[in-house]
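Asks: These are the residues of each chain, in order.
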Amino acid sequence: MVPGVRFEARFPAIPVAVAEVRGKASALARRCGVSEQGAHDVALAVSEAATNVVIHSGSSEIVLIVEAHDGDLHVIVADKGPGLVPRRDSPGLGLGLPIIATVSSSFESRRRDGRNEVAMVFPCPTGGIS
Amino acid sequence: MVPGVRFEARFPAIPVAVAEVRGKASALARRCGVSEQGAHDVALAVSEAATNVVIHSGSSEIVLIVEAHDGDLHVIVADKGPGLVPRRDSPGLGLGLPIIATVSSSFESRRRDGRNEVAMVFPCPTGGIS
Amino acid sequence: MSDTPTAHHDPEFELLIQSEPGGNRVIVRGEIDMSTADTFRTQLLQALGDGEVVLDMSELHFMDSSGVAAIDEVLRDPSAEHLTVDPHILEPVRRILEMTDMIDALSFAESDRR
Amino acid sequence: MSDTPTAHHDPEFELLIQSEPGGNRVIVRGEIDMSTADTFRTQLLQALGDGEVVLDMSELHFMDSSGVAAIDEVLRDPSAEHLTVDPHILEPVRRILEMTDMIDALSFAESDRR
Ligand SMILES: Nc1ncnc2c1ncn2[C@@H]1O[C@H](COP(=O)(O)OP(=O)(O)O)[C@@H](O)[C@H]1O
Ligand SMILES: Nc1ncnc2c1ncn2[C@@H]1O[C@H](COP(=O)(O)OP(=O)(O)O)[C@@H](O)[C@H]1O
Numbered sequence: 021m022v023p024g025v026r027f028e029a030r031f032p033a034i035p036v037a038v039a040e041v042r043g044k045a046s047a048l049a050r051r052c053g054v055s056e057q058g059a060h061d062v063a064l065a066v067s068e069a070a071t072n073v074v075i076h077s078g079s080s081e082i083v084l085i086v087e088a089h090d091g092d093l094h095v096i097v098a099d100k101g102p103g104l105v106p107r108r109d110s111p112g113l114g115l116g117l118p119i120i121a122t123v124s125s126s127f128e129s130r131r132r133d134g135r136n137e138v139a140m141v142f143p144c145p146t147g148g149i150s
Numbered sequence: 021m022v023p024g025v026r027f028e029a030r031f032p033a034i035p036v037a038v039a040e041v042r043g044k045a046s047a048l049a050r051r052c053g054v055s056e057q058g059a060h061d062v063a064l065a066v067s068e069a070a071t072n073v074v075i076h077s078g079s080s081e082i083v084l085i086v087e088a089h090d091g092d093l094h095v096i097v098a099d100k101g102p103g104l105v106p107r108r109d110s111p112g113l114g115l116g117l118p119i120i121a122t123v124s125s126s127f128e129s130r131r132r133d134g135r136n137e138v139a140m141v142f143p144c145p146t147g148g149i150s
Numbered sequence: 002m003s004d005t006p007t008a009h010h011d012p013e014f015e016l017l018i019q020s021e022p023g024g025n026r027v028i029v030r031g032e033i034d035m036s037t038a039d040t041f042r043t044q045l046l047q048a049l050g051d052g053e054v055v056l057d058m059s060e061l062h063f064m065d066s067s068g069v070a071a072i073d074e075v076l077r078d079p080s081a082e083h084l085t086v087d088p089h090i091l092e093p094v095r096r097i098l099e100m101t102d103m104i105d106a107l108s109f110a111e112s113d114r115r
Numbered sequence: 002m003s004d005t006p007t008a009h010h011d012p013e014f015e016l017l018i019q020s021e022p023g024g025n026r027v028i029v030r031g032e033i034d035m036s037t038a039d040t041f042r043t044q045l046l047q048a049l050g051d052g053e054v055v056l057d058m059s060e061l062h063f064m065d066s067s068g069v070a071a072i073d074e075v076l077r078d079p080s081a082e083h084l085t086v087d088p089h090i091l092e093p094v095r096r097i098l099e100m101t102d103m104i105d106a107l108s109f110a111e112s113d114r115r
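Chains as they are written, first to last, in this note's numbering: chain A, 21 to 150; chain B, 21 to 150; chain C, 2 to 115; chain D, 2 to 115.
Quick caveat, the hints were computed from the structure, so don't treat them as lab data. It is possible that some hints are incorrect.
Keeping only pairs whose Cα atoms sit at most 20 Å apart, straight-line, the calculated DMTMM-like set for lysine to aspartate or glutamate is [unchecked claim]:
| no. | chain 1 | residue 1 | chain 2 | residue 2 |
| --- | --- | --- | --- | --- |
| 1 | A | Lys44 | D | Asp87 |
| 2 | A | Lys100 | A | Glu56 |
| 3 | B | Lys100 | B | Glu81 |
| 4 | A | Lys100 | A | Glu137 |
| 5 | B | Lys100 | B | Glu56 |
| 6 | B | Lys44 | C | Glu13 |
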């Protein structure tokens, strides 16, 4: 995989899939030359985003998109749900998005191609996924 | 104010300033030709972001930046704090970011120019702030 | 500090308690956000301690999540069984109450206006 | 369903209870996330019901906010006074415990390894 090439995979939106989604994302991050901590940061952020898809989105699938360009690794976790919806009764502690913000360079919440996306940016030291 | 021109203002990070910040932002949105509901959406999102600065950031000021380009209104609420920090003991219900996501086209959380920014995008029907 | 009327006739928030047959009407005006939500919550709970309350938001122009959190807290209090809400609600306030599903948690009073 | 060993020798999560003088050692291995946090929480609370517990996360390679929420819930239980944590914690787990200030909420056991 070289700069500009796009990895995309779909996973069922079920609890046991979350480990697979983060494993895939951190493996690709390693191929971008990141440190162990860098790969773990990707795993953690993706785990939070994928968990949110399973808990909150009502979507039947988790979409993972990974792409390297301009020296950055772009990791997108998408679902077919309505987007971030305010829930007064959320079962979580509300740590997911702040954790994503803490371990990523930046993240964006947006609708694109009819999907709800959380798009996270991480460093990609080698400039591309080798 | 025309497309590309940038409005920037600083407010003290105190509760009573929040009304002023959202009032300024929604007034600029009106000059972008948005509907009453559009202006209210801007006010609501900015109110949530500014409230977070006062409650969570430890920053002494709220920075508001408004800019129109490419048919969009870009509204940034910035602070001098560390960025979105996970808080197990947050006094809020965790509704702020989901509300921002619901009323904006998209939002981004990032560090820029040594500041923590929540950058929100809204429609700007006239293409610029008249 | 001064009796002279100033240009600022529009305080951000005002709460008025009107006694009515059968209870009190709590009228909120202006905007509810982090700087006014505490007053709103405290006064509303206090009024509920005195019996039936109709919450009138027909002159409320803005509410953010601080207001939703205040109502959420009021609804957790046992005295909230005495609370009904006047159905006249302006669009911006209706929007956030709907967005957060708070609208479904409220008991609406029969409207007494025509 | 089968006794044949499979290629999958690496279950996502494993919890082992070892009885020790003075109480139990609860050893967690693998990864704690939304699919394993409930087991972790339930088993830990059950062990705490039997007396002193040392939680050993030295073989835990990953924890996300689901694990932090599980510990948070355990700490709210009165039996949490019997809980201490082995200070051997791998870097990724330490990182999230620090990020969420959970590290300061835990009581660490004297290390019993050399
Ligand atoms: N994929 C998603 N679809 C719908 N809503 C979401 C999604 N992700 C997050 N949310 C909303 O955003 C809120 C904040 O998410 P998060 O910070 O991860 O906290 P938590 O999940 O613990 O509540 C959630 O409570 C939920 O209302
Ligand atoms: N400007 C900020 N500075 C630091 N942390 C923030 C800021 N804005 C938000 N946060 C963190 O993000 C979390 C989620 O924010 P929000 O969705 O508005 O919910 P709430 O403020 O009700 O907890 C907050 O609990 C806080 O930990």
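Asks: Next step is simple, just say for each hint if it's right about the structure.
Replies: Checked hints:
{"no.": "1", "hint": "Lys44(A) - Asp87(D)", "in the structure": "violated (30 Å)"}
{"no.": "2", "hint": "Lys100(A) - Glu56(A)", "in the structure": "violated (32 Å)"}
{"no.": "3", "hint": "Lys100(B) - Glu81(B)", "in the structure": "holds (7 Å)"}
{"no.": "4", "hint": "Lys100(A) - Glu137(A)", "in the structure": "holds (9 Å)"}
{"no.": "5", "hint": "Lys100(B) - Glu56(B)", "in the structure": "violated (32 Å)"}
{"no.": "6", "hint": "Lys44(B) - Glu13(C)", "in the structure": "holds (15 Å)"}
In terms of the numbered hints stated before, the structure departs from hints 1, 2, 5, listed from lowest to highest.
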